[in-house]
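Novice: These protein sequences, in sequence, are chains A and B.
Numbers given in the numbering used here equal positions in the first sequence, counted from 1, plus 76.
Numbers given in the numbering used here equal positions in the second sequence, counted from 1, plus 113.
Read the hints as simulated data drawn from the structure, not as lab findings.
One thing to keep in mind: the hints can contain errors.
As a list, the in silico DSSO-like pairs of lysine-lysine whose alpha-carbon atoms are at most 30 Å apart [as the list claims (entries may be wrong)]:
#1 A:Lys128 <-> B:Lys197
#2 A:Lys108 <-> B:Lys197
#3 A:Lys108 <-> B:Lys171
#4 B:Lys233 <-> B:Lys243
#5 B:Lys178 <-> A:Lys118
#6 A:Lys108 <-> A:Lys318
#7 B:Lys356 <-> B:Lys329
#8 A:Lys118 <-> B:Lys193
#9 A:Lys197 <-> B:Lys223
#10 A:Lys118 <-> B:Lys171
#11 A:Lys108 <-> B:Lys181
#12 B:Lys193 <-> A:Lys108
#13 B:Lys171 <-> B:Lys197
#14 A:Lys318 <-> B:Lys178
#15 A:Lys128 <-> B:Lys243
#16 B:Lys329 <-> B:Lys358
#17 B:Lys342 <-> B:Lys178
#18 A:Lys118 <-> B:Lys223
#19 B:Lys223 <-> A:Lys128
#20 B:Lys342 <-> B:Lys193
#21 B:Lys171 <-> B:Lys181
#22 B:Lys197 <-> A:Lys118
#23 A:Lys118 <-> B:Lys233
#24 A:Lys318 <-> B:Lys171
#25 B:Lys193 <-> B:Lys124
#26 B:Lys171 <-> B:Lys120
#27 B:Lys243 <-> B:Lys120
#28 B:Lys178 <-> B:Lys129
#29 B:Lys358 <-> B:Lys342
#30 A:Lys128 <-> B:Lys342
#31 B:Lys124 <-> A:Lys108
#32 B:Lys342 <-> B:Lys356
#33 A:Lys118 <-> A:Lys318
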Amino acid sequence: MDAADNKPSPIERTYKVSLRQRMASFFVNIYKIHLFIIRFFKEAFLPPYELKEVVRQCYETGVRSLPLISVTGFIVGFIFTKQSRPSLATFGANSWLPSLVSIAIMRALAPLVTALIASGKVGSSIGAELGSMRVTEQIDAMEVSGTNPFKFLVCTRVLATTIVIPILATYAAYIGLLGGYLNISFNEGTSYTAFVEQFFSPLVFLDFTASLIKSIVFGFTIGIVGCYQGYYANSGTEGVGKAANGAVVTAMFLVFIEEIIIVQITGNFR
Amino acid sequence: MHKDKTKIDHKNVVIKIRGLEKAFEDYAVLRGIDLDLYQGENFVVLGRSGSGKSVLIKLISGLLKPDKGTIEVLGEDLSKITEKELQHLRTRIGFSFQSSALYDSMTVRKNLEFPLVRNKRNLTRQEIDKSVETVLDAVGLSQTINQMPAELSGGQRKRIGIARTLILNPEIMLYDEPTAGLDPITCIEINELINEVQQRYNTSSIIITHDLTCAKTTGDRISMLLDGKFQRTGSFEEVFDTKDKRIKPFFDYNFIE
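Okay, chain B solo, but in the shape it has when bound:
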C-alpha cells in the first residue's frame, strides 16, 4: 500500500518536543531534541544501536522522565499532568514494542481484550468480541484468536502487538523497531501494515528503526539521531544526499531496491 501524503495536516501538531535532554548516570543520551509531529504524519527516527531512539519514545509515552525540556502530547504537557491524567492520555497513544511484549500467560484474545476491559469497563461481551475481531482482521490474523503467544511466529507476534494497541483507537502510534529480527518478506508485510494502520485509523506515527527499507516505505519525514540530536531531517532522499561520514555509511551498508 502506498502512502497518501495529502492527509498530513501541517496546522495540527500532535507531539511537540522542545529542548529534550536525558542522561543515564554520566552518559547523556539525548542532548536537545526538538520535534513537531503533525496529524497524519509518519516520522521515522533512524540511528545506530544505543543512540537513544527507544529512549525518545519511552519519554513521549511517559515511561521515562526527561532531565530537561518539554514534551506536549495531544496538547497535554507531560510534566504538568497527574498520574491519572497520564494514564488516560496513554489510552490515546499506541506503543508497539520491539519485543512485541505480549502477555505470555494469556491467549491472543485475552491479550487484545486486556486494555479494552480495563479502560472501558461498561462494554458488553458482544462489543468486546466485535472489537477484538475487527483489530485481528485489520492485522490479518483472525485465525490465531485462541492461540498462546508462544505458538506465534515473530512476525505474527509483531502484528498482534500492533493489534493490541489498535483496540483503543489510538491517535498516535509509536513503533519501536517494528521490523527488527524479521525476514525480508515479513518486513515488507509489517511496513505495509504500518501504512495501512495510518490510513485506516488516521494516526500520526513515530517509527524507530535502523532498517532503511522500513524508513523509505513508511516515512513521510526522516531524521537521523546522532550524538543525542537530530542531525538531518527531511525526505529519505534529502537525508541521504550527503557526504557526512557519520550518515553515509549507514546508507551504504543497507540494501535498498
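Isolated chain A (complex conformation):
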C-alpha cells in the first residue's frame, strides 16, 4: 500500500474540517455568551435606567403571551387530571387526584410549560427582532447616535422576561388548577372549596420557592438566549431566520437542562 492510499478522501477531509469548525464555533459561542452575560450584569444595574422600555417590554412579553398561556395551562390541567384518573382508580385512590394534580402542576408543569411556550413565542420574537435590527444597521445607527444599544435593547428585554415569566408561570398554575377542577368536578362532583383545600394541602413552602426560582432562571435564559442570537445575527435575511430559530432551539434545550439541575438541587432539601 503506498502513501497515497493513506490520504483521507475529499469527503473525509470535508467532514473533518467541518467537524473541527463546528467544535471551534461551539466553544467560541460558549465564550461569547459568557461575555454577553457578564456585560448584562455590568450594564443592567448602572444608570441611566431604561425603566419605560422595561415596562413596555414586560407588556409585550407578558400581556401578548396571556392567551396562549391560558389555553395551554387549562389544557395541561384538564388532560393531566383526566389521564391520571384511571391509574389512581385502580387503587381506589380517586380522592388523591387533586393532590397529585397540585404536585405535578406546581412543581413541574406550570414553570416548564410556561418556559417552553415563552421560548417559542417570546424567544423567537426577540431573536427575530434584534436580528432584523442588526442586519438593517439599526443597532449600528443607535450606537453612532450616542445611545448604548446593549442597554436599550438587551438589558431591557432580559429584565422583562426575567420579571414576566415567573408571573406567567403562577398564572399558568392557577389556570391549570381550574382545568383540573373542571375535570374533577364533572366526574367526582367535588366542590371548588374542597378541591382547593386538597390542592394546596400537599404543597410546602419549598415547592413555591423552587417553582419561583426555576421560573426566574427560565425567564433569564429565554431573554439572554434570544438577545444573544439576535444581537450577533449575521448579515442577510437568512441570518434573521437563523437567529429566531437558534433562540427557540437553544432556549428550549437549556430550559430542560436547568430543570434537571434545579430538581436535583431542590430534591436535596426535601
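Position chain B relative to chain A; hints supplied.
Specialist: For chain B alone, coordinates are given in the frame of chain A:
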C-alpha cells in the same frame, strides 16, 4: 444649491487619519490610509463595491476597530478614549446609513426624538417638539411626522435618516452611499440636501459614493480608493484627468452632464 468653498478652514483639521489599516481575516481592505479633513469641507471617497469605503467611515465612527494606524476625530484619538467618551464624541458626528437604518417600530417623530431624548435628558416636551420640527423642515418632510418608515419612499427614508443625524447638531457628517438605489431626480435632491446641510449647519463631511454626479455636485475634494489606498486626490477634474486604467473606466461608464 451651489457650494461655497470659501467656508473651508484649512487650519482646522477635524479628522486626521494616519497609516490606517484594516483586514478581515486574510483580506486586507485598507492598507495605509492618510487623510486630513478640514472644517467646512466635503470630502468624497469614490471606489468600487467592496473597496473598503464603508469600512473607512465605520472606523471613523468607532463601529470598527483599526488593525493599525491612528484616527483623530475633533481632536480625540479614538484608540485612547474610553467607551463613555466615545459615546459622547459620537453625538458630535452624524452618520447617514446606506439603508437609512430607520427604526421600523417607531414613527418618524419617535425616530427623530430617539437620539435627542437619550443624549439630552433634561429637555422639555416643547424643546423636543421644536427640534423635531426644525430638522424635518430642513429636509422638507414636515408632513411625514406621524408616518411609519415602511410608508416612506426610498428618497424620503434617506432624508429622514439625515434629519435624525442633524437633530444633535453634528460637527461632522458621514454619508454612506447617499444616492444608492434612488432615481436620478431624487439623487439630485439628495445632493442638494447634502450641500444645504453643510452650509446651514457648517458641517464637515465625508461622502462615500460611486455616483460621479454626487461626487461632482457635493465634493470639494475627491479621492479614489483603490487597492486599500487613496490613489488620486484633488478636485473632480484633477482626479479624472488621467489615463490610469483603473480610474478611467470608472469615469467612462458614468454619465455626467
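Novice: Please list, smallest to largest, the hint numbers that this structure does not respect.
Specialist: 30 and 31
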